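Chains as they are written, first to last, in the numbering used here: chain D, 1 to 86; chain A, 87 to 172; chain Y, 173 to 317; chain S, 318 to 462.
Since the hints were derived computationally from the structure, they do not count as laboratory data.
Be aware that a few hints might be false.
DSS-like mimics (lysine-lysine), calculated; alpha carbons at most 30 Å apart, straight line [what the hints assert, rightly or not]:
| # | chain 1 | residue 1 | chain 2 | residue 2 |
| --- | --- | --- | --- | --- |
| 1 | D | K52 | D | K31 |
| 2 | A | K137 | S | K364 |
| 3 | S | K347 | Y | K219 |
| 4 | A | K138 | S | K347 |
| 5 | Y | K248 | S | K364 |
| 6 | A | K137 | A | K117 |
| 7 | Y | K202 | D | K51 |
| 8 | S | K364 | S | K393 |
| 9 | Y | K248 | Y | K202 |
| 10 | A | K117 | A | K138 |
| 11 | D | K51 | D | K31 |
| 12 | A | K136 | S | K364 |
| 13 | S | K393 | Y | K219 |
| 14 | Y | K202 | D | K52 |
| 15 | A | K117 | A | K136 |
| 16 | D | K50 | Y | K202 |
| 17 | Y | K202 | S | K364 |
| 18 | D | K50 | D | K31 |
Here are the in silico distance ranges between beta carbons for each label pair [as the list claims (entries may be wrong)]:
| # | chain 1 | residue 1 | chain 2 | residue 2 | range |
| --- | --- | --- | --- | --- | --- |
| 19 | Y | D216 | A | N102 | 51 to 59 Å |
| 20 | A | G157 | S | V456 | 33 to 41 Å |
| 21 | A | T111 | Y | R200 | 53 to 61 Å |
| 22 | S | Q329 | Y | E310 | 24 to 32 Å |
Since this is a predicted model, take the numbers as computed values, not measurements.
The beta carbon of each residue, even a glycine, is placed where N, CA and C say it ideally should be.
Spelled out from the first residue to the last, the chains are:
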Amino acid sequence: MITVRLFGMTKSLAGNQDSLSLALTNGRQVKDLVELLDAGYPMIGELIHKKKVLVSVNQEIAHEETEILDGDELALLPPFAGGTPW
Amino acid sequence: MITVRLFGMTKSLAGNQDSLSLALTNGRQVKDLVELLDAGYPMIGELIHKKKVLVSVNQEIAHEETEILDGDELALLPPFAGGTPW
Amino acid sequence: MPTDDAQFVRVQREDFSVDAEINLVRGRSKRIGGISIFLGTARDRSKGREVVSITFDHYEGMAQRKLREIRERAMKDFDIIEVAILHRYGEIGIGDNIVLIVVGAEHRAEAFRACQWAIDELKRITPIWKLEYTPEGEVWVEEHP
Amino acid sequence: MPTDDAQFVRVQREDFSVDAEINLVRGRSKRIGGISIFLGTARDRSKGREVVSITFDHYEGMAQRKLREIRERAMKDFDIIEVAILHRYGEIGIGDNIVLIVVGAEHRAEAFRACQWAIDELKRITPIWKLEYTPEGEVWVEEHP
Numbered sequence: 001m002i003t004v005r006l007f008g009m010t011k012s013l014a015g016n017q018d019s020l021s022l023a024l025t026n027g028r029q030v031k032d033l034v035e036l037l038d039a040g041y042p043m044i045g046e047l048i049h050k051k052k053v054l055v056s057v058n059q060e061i062a063h064e065e066t067e068i069l070d071g072d073e074l075a076l077l078p079p080f081a082g083g084t085p086w
Numbered sequence: 087m088i089t090v091r092l093f094g095m096t097k098s099l100a101g102n103q104d105s106l107s108l109a110l111t112n113g114r115q116v117k118d119l120v121e122l123l124d125a126g127y128p129m130i131g132e133l134i135h136k137k138k139v140l141v142s143v144n145q146e147i148a149h150e151e152t153e154i155l156d157g158d159e160l161a162l163l164p165p166f167a168g169g170t171p172w
Numbered sequence: 173m174p175t176d177d178a179q180f181v182r183v184q185r186e187d188f189s190v191d192a193e194i195n196l197v198r199g200r201s202k203r204i205g206g207i208s209i210f211l212g213t214a215r216d217r218s219k220g221r222e223v224v225s226i227t228f229d230h231y232e233g234m235a236q237r238k239l240r241e242i243r244e245r246a247m248k249d250f251d252i253i254e255v256a257i258l259h260r261y262g263e264i265g266i267g268d269n270i271v272l273i274v275v276g277a278e279h280r281a282e283a284f285r286a287c288q289w290a291i292d293e294l295k296r297i298t299p300i301w302k303l304e305y306t307p308e309g310e311v312w313v314e315e316h317p
Numbered sequence: 318m319p320t321d322d323a324q325f326v327r328v329q330r331e332d333f334s335v336d337a338e339i340n341l342v343r344g345r346s347k348r349i350g351g352i353s354i355f356l357g358t359a360r361d362r363s364k365g366r367e368v369v370s371i372t373f374d375h376y377e378g379m380a381q382r383k384l385r386e387i388r389e390r391a392m393k394d395f396d397i398i399e400v401a402i403l404h405r406y407g408e409i410g411i412g413d414n415i416v417l418i419v420v421g422a423e424h425r426a427e428a429f430r431a432c433q434w435a436i437d438e439l440k441r442i443t444p445i446w447k448l449e450y451t452p453e454g455e456v457w458v459e460e461h462p
């Protein structure tokens, strides 16, 4: 099982959960995680495909081929909106 | 008699007086005032000729031909140094 | 050199005092002569919508790391002496403080440049999200400049 | 429109609080979202000379008039909401506050632009003079940028 932290709109799209626990069995890369999300949370999956939501591994923005190791810290990052919008 | 307010280095050059009282008898323009200063305070006169010190009449920067009327507020303004120099 | 990150870079729920942060920055060197500050506050409108209040969510740990990175890059890339960066999270009322950047330099031009760069970079790379409460409901704000 | 000059433009001997001036500016409108601030402080060196303290002299009346003029032009020429400008006179110790400009705007880019313009213009047209005390004696500082 891996845990993926959720923020902003991805939290809303997952029923206001702070994180998802997923069984990552068919591979160990970010693209495998995205496949699981496509199946279980298609709206989140679509945002990832559109690059509106980024995946981070250990607090760094990850790519499709980024490896996921046991104990890694995973998160889904919607577009940042810190500071002021103006 | 007219009174000319002094600031910054012009004050030092006039022996730390805050103002000068001068008898402006031979004309009524800024250039006549400058002539008096040339005679009585040649170092100040030189700074005015070099445009390092400006003459103001009623709080506005004046020119050689600016008229001086009774009751006008006159001042000598060395280069400004407000704010920070950096 | 070791940096006083925890002092100069903070993500906190509480409000802050601009005077206190300025004093922190200016305490670093008597060579400081120009301090450029940016303060972001909560407006009552956003993209034409009325806004009643705002809640900021942040990725604890990564947000601090990105702000530290901005501070370090600012001090390396600009001719400045010190930078403090603060961002609040949680609920923020209209008119209240959101974000503060304080840049101390010998010369004002570099202080202004670094301050503008830091707020732009903060918006670009810091994992912070904003939920706006409007009379019509809540909206997660998406911003891509 | 009548302007609150006396509040927003001051030449004073006393120190000021940046937080208090920010609150004055932001109290003008809930549309303010970006506040750019410039604070000038007394450095310990000037043109290679050590400086022990500084005294500012000003032309009472004309100095205030020029600062009001800067505030009014800033509000006319930039897309901003409010400006406060303060300058201290008298003796000022090293590290202490000299000058403060606070610009509130809807958008941060205009706040930064107006704040930089205002400090440049202040230096250019405001009748204020600076006497620096150094270990070698007193010097009236002449500055032509």
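Hint check results:
no., hint, in the structure
1, D:K52 with D:K31, "15 Å, holds"
2, A:K137 with S:K364, "23 Å, holds"
3, S:K347 with Y:K219, "15 Å, holds"
4, A:K138 with S:K347, "45 Å, violated"
5, Y:K248 with S:K364, "24 Å, holds"
6, A:K137 with A:K117, "13 Å, holds"
7, Y:K202 with D:K51, "47 Å, violated"
8, S:K364 with S:K393, "36 Å, violated"
9, Y:K248 with Y:K202, "19 Å, holds"
10, A:K117 with A:K138, "15 Å, holds"
11, D:K51 with D:K31, "13 Å, holds"
12, A:K136 with S:K364, "23 Å, holds"
13, S:K393 with Y:K219, "24 Å, holds"
14, Y:K202 with D:K52, "46 Å, violated"
15, A:K117 with A:K136, "14 Å, holds"
16, D:K50 with Y:K202, "50 Å, violated"
17, Y:K202 with S:K364, "15 Å, holds"
18, D:K50 with D:K31, "14 Å, holds"
19, Y:D216 with A:N102: 51 to 59 Å, "55 Å, holds"
20, A:G157 with S:V456: 33 to 41 Å, "35 Å, holds"
21, A:T111 with Y:R200: 53 to 61 Å, "60 Å, holds"
22, S:Q329 with Y:E310: 24 to 32 Å, "46 Å, violated"
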